[in-house]
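Trainee: Go by the hints and put chain B onto chain A.
2 protein chains.
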Amino acid sequence: MNKQKILLLVLDGLGDRPDERLNDQTPLEAARTPYLNYMAERGATGLLDVVGVGVRPGSDTAHLALLGYDPAKYYSGRGPIEAAGVGIAVGKGDVAFRANFASIMGNGQVVDRRAGRIESVKAFEPALNKIKVPGFQFTFKAGCEHRGALVVRGKGVSSEVNGNDPGVEGNREKEIKPTTSAPEAKATAAAVEAYLKQARRCLANHPLNKKRRKQKLPLANTILLRGAGAAPELTPFKDKYGLDAAGIAGGGLYRGVAKTLGMDVINVNGATGGKDSNILAKINAAKTTLARKDFIFVHVKGADDYGHDGDALGKKAFIERVDAAVRELLTLENTVVAVTADHSTPCQLKAHSGDPVPLLIYGKGVRRDCTRKFGERDCAVGGLGRLRGLDLMPELINVSGRAEIYGA
Amino acid sequence: MNKQKILLLVLDGLGDRPDERLNDQTPLEAARTPYLNYMAERGATGLLDVVGVGVRPGSDTAHLALLGYDPAKYYSGRGPIEAAGVGIAVGKGDVAFRANFASIMGNGQVVDRRAGRIESVKAFEPALNKIKVPGFQFTFKAGCEHRGALVVRGKGVSSEVNGNDPGVEGNREKEIKPTTSAPEAKATAAAVEAYLKQARRCLANHPLNKKRRKQKLPLANTILLRGAGAAPELTPFKDKYGLDAAGIAGGGLYRGVAKTLGMDVINVNGATGGKDSNILAKINAAKTTLARKDFIFVHVKGADDYGHDGDALGKKAFIERVDAAVRELLTLENTVVAVTADHSTPCQLKAHSGDPVPLLIYGKGVRRDCTRKFGERDCAVGGLGRLRGLDLMPELINVSGRAEIYGA
Chain A
1 MNKQKILLLV
11 LDGLGDRPDE
21 RLNDQTPLEA
31 ARTPYLNYMA
41 ERGATGLLDV
51 VGVGVRPGSD
61 TAHLALLGYD
71 PAKYYSGRGP
81 IEAAGVGIAV
91 GKGDVAFRAN
101 FASIMGNGQV
111 VDRRAGRIES
121 VKAFEPALNK
131 IKVPGFQFTF
141 KAGCEHRGAL
151 VVRGKGVSSE
161 VNGNDPGVEG
171 NREKEIKPTT
181 SAPEAKATAA
191 AVEAYLKQAR
201 RCLANHPLNK
211 KRRKQKLPLA
221 NTILLRGAGA
231 APELTPFKDK
241 YGLDAAGIAG
251 GGLYRGVAKT
261 LGMDVINVNG
271 ATGGKDSNIL
281 AKINAAKTTL
291 ARKDFIFVHV
301 KGADDYGHDG
311 DALGKKAFIE
321 RVDAAVRELL
331 TLENTVVAVT
341 ADHSTPCQLK
351 AHSGDPVPLL
361 IYGKGVRRDC
371 TRKFGERDCA
381 VGGLGRLRGL
391 DLMPELINVS
401 GRAEIYGA
Chain B
409 MNKQKILLLV
419 LDGLGDRPDE
429 RLNDQTPLEA
439 ARTPYLNYMA
449 ERGATGLLDV
459 VGVGVRPGSD
469 TAHLALLGYD
479 PAKYYSGRGP
489 IEAAGVGIAV
499 GKGDVAFRAN
509 FASIMGNGQV
519 VDRRAGRIES
529 VKAFEPALNK
539 IKVPGFQFTF
549 KAGCEHRGAL
559 VVRGKGVSSE
569 VNGNDPGVEG
579 NREKEIKPTT
589 SAPEAKATAA
599 AVEAYLKQAR
609 RCLANHPLNK
619 KRRKQKLPLA
629 NTILLRGAGA
639 APELTPFKDK
649 YGLDAAGIAG
659 GGLYRGVAKT
669 LGMDVINVNG
679 ATGGKDSNIL
689 AKINAAKTTL
699 ARKDFIFVHV
709 KGADDYGHDG
719 DALGKKAFIE
729 RVDAAVRELL
739 TLENTVVAVT
749 ADHSTPCQLK
759 AHSGDPVPLL
769 IYGKGVRRDC
779 TRKFGERDCA
789 VGGLGRLRGL
799 DLMPELINVS
809 GRAEIYGA
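Going down the list, the sequences are from chains A and B.
First residue of the first sequence: 1, per my numbering; consecutive thereafter.
First residue of the second sequence: 409, per my numbering; consecutive thereafter.
Looking at chain A on its own, in the form it has when it is part of the complex (with noise of 0.2 Å):
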């Protein structure tokens, strides 16, 4: 049998609800792409619960479900993740938080969660991997703009701790404590605190808020944590798949998703997380990959920041700039395509919800189905019928022809 390559294409957040705004069509239904439908049209669509039936997914327990590993079995914090994203290897033991630099007042208000969105707090690595608390071993990367992530090592250490962030603006920093009556949490709750008083020293004096400072920009003075967990126990997705694979993503989640699984993460010029980012550039370098791989992942966060704005026509806007890369993927050869969301972040709620996302499953091989558009209503009575997330990958290894016979 010819064992076609499969690429995944996950439209962050595209699911949506019917808009008034768009006359009662969702984003993608009001959108104008041609190339997404001429895939529905020779390909076969579907809905897919990601994770369950009204279950209402992060992005990180949303994407382990697409790619095939049970969030109830591996997902243990959205640390380890966003570390390995950031290229912090996590070790066995090791517990891994997301790391946001914010801006607090003397008393511990937190004034700004995101530091003013400082460009990058790359400059603060070497000071504060510096910082030394006995028995325990502190690593912080920086990610994007005031993001990173930091891993604690030492004997016992333990990812029962909450984390410091208040969640809101005008709040005080919360201290970090355990959450279970271990003695193995108390001390690593203990330890971080250790860690954040010696960071926070030695944020205020750091050249780059001493210039903040001068500039008039909100100082990037304590870290908030959040996340902690250890990192998760799983079989790499070349082993359980036999699926040479690569990821190409702007936003650290995405990339620490791909690196946890054991991917290739590619660096793309203009790949950056958001809106603005180079779709195009994402979808031809996926291309020029496949040359290469069986398996590539290509992640596009734009829609969801739509979603989460309320912004229906910028949403509409956001899917058809989409539709215009996509066009790139008709012409690629032996290649099964699958277009999908990892979650619905429908512009009335603004937030994520726990509505099935659109499917559709586009290659040689792939049994055609009546659906002639890619949209939330249209994908509901596609071939595919209603499937679960994890249903996903053993489609997509059926429809390329790699599919071990169970029995005889």
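If you're looking for bench data, these hints aren't it; they were derived computationally from the structure.
You can take every hint at face value.
No more than 30 Å apart at the CA atoms, straight line, and that leaves these computed lysine-lysine pairs for DSS-like:
| no. | chain 1 | residue 1 | chain 2 | residue 2 |
| --- | --- | --- | --- | --- |
| 1 | A | Lys350 | A | Lys275 |
| 2 | A | Lys174 | A | Lys210 |
| 3 | B | Lys481 | A | Lys73 |
| 4 | A | Lys373 | B | Lys781 |
| 5 | A | Lys141 | A | Lys174 |
| 6 | B | Lys411 | A | Lys350 |
| 7 | A | Lys373 | B | Lys772 |
| 8 | B | Lys618 | B | Lys538 |
| 9 | A | Lys174 | B | Lys411 |
| 10 | B | Lys646 | A | Lys350 |
| 11 | A | Lys214 | A | Lys122 |
| 12 | A | Lys293 | A | Lys364 |
| 13 | B | Lys772 | A | Lys275 |
| 14 | B | Lys530 | B | Lys622 |
| 15 | A | Lys177 | B | Lys648 |
| 16 | B | Lys618 | B | Lys605 |
| 17 | B | Lys594 | B | Lys540 |
| 18 | B | Lys646 | A | Lys73 |
| 19 | B | Lys594 | B | Lys605 |
| 20 | A | Lys350 | B | Lys772 |
| 21 | B | Lys481 | B | Lys563 |
| 22 | B | Lys540 | B | Lys582 |
| 23 | A | Lys73 | B | Lys648 |
| 24 | B | Lys701 | A | Lys350 |
| 25 | B | Lys411 | B | Lys701 |
| 26 | A | Lys186 | A | Lys132 |
| 27 | B | Lys585 | B | Lys540 |
| 28 | A | Lys122 | A | Lys211 |
| 29 | A | Lys122 | A | Lys210 |
| 30 | A | Lys122 | A | Lys132 |
| 31 | B | Lys585 | B | Lys500 |
| 32 | B | Lys411 | B | Lys695 |
| 33 | A | Lys350 | B | Lys648 |
| 34 | B | Lys540 | B | Lys500 |
| 35 | B | Lys563 | B | Lys538 |
| 36 | A | Lys3 | A | Lys364 |
| 37 | B | Lys646 | B | Lys481 |
| 38 | A | Lys186 | A | Lys174 |
| 39 | A | Lys350 | A | Lys73 |
Mentor: Coordinates of chain B only, in the frame set by chain A:
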């Protein structure tokens, strides 16, 4: 996110098969249902396999599944649900039976399994509750007509006993026997036998039966027990979903399900649990109750009765009566309405079947589909696809804006 309230209307036995008498339509398809259609057109529809594909559910297992409790885990026989329905608190370790009063001859032959559908057996309660069996306590409480429930308490009381109902009139009452070799089962069977022996004696001389003898009415001179079970250990509905809930139902079983899950049960004048039930009164009571509750479960029995009678025309007419009452639901604000059934009761079969049941969900935030009518075959191409009973609650939690995010 705005949290909406939820109204779940269960039309017992609604699902059916195309029927020659209705020009090869089902009763629901043939019925004139402008209000249900209005909701279907503006909402989303689908089919529900209440317990599983092809599984032919009892009303008890079906209701557990619809309300999100897997019957494979939480169903422990009908006895404890009926007991909860008539108002006996079934504690841990107690064993409950459904109890029907019947007429027997001196030789034990059952001549009327419903004792001439005696109006009430409440008058027997005091005498029956005086019966003593060493080491065990028995509590009897009357339900509607010839029905009631019997609860056995005692150290090591066991549910591993059969009932004494021969099932068929003309056969002799069976002996209560243990279904395993456990000494507890043996002791329980003997205790229940001893109770029944005394019960028969006390019923024979009871003033109510003396009166019935004079009136030449069938005597209620024995109790047929079925469905022995211990109370299921389950998380109350409120704790499971964060929904303060109430149930409206005439029938003891449905009231029992609501009570077993910790819901308030609302009494409605004219709610008989039969074909003649005042549907409008129930719907209006549901609307009133929603002012102070988050979730209301409304059970309407009639369609199932017509199905068991094989009366397709009667079922169609009953559904039209339901539709007229459903009109009142169209003006509900801030509420997601779901209409479905616990199982199909096809008139051709005069019995429950494993056919999936139609489902509609109507309210703000529902992803409207292309279906414009509430019927079995219309719902089969609806936007919700084919779901399982256990999917219903998560779907309603999502649509009502109450789902917690899973992951980050």
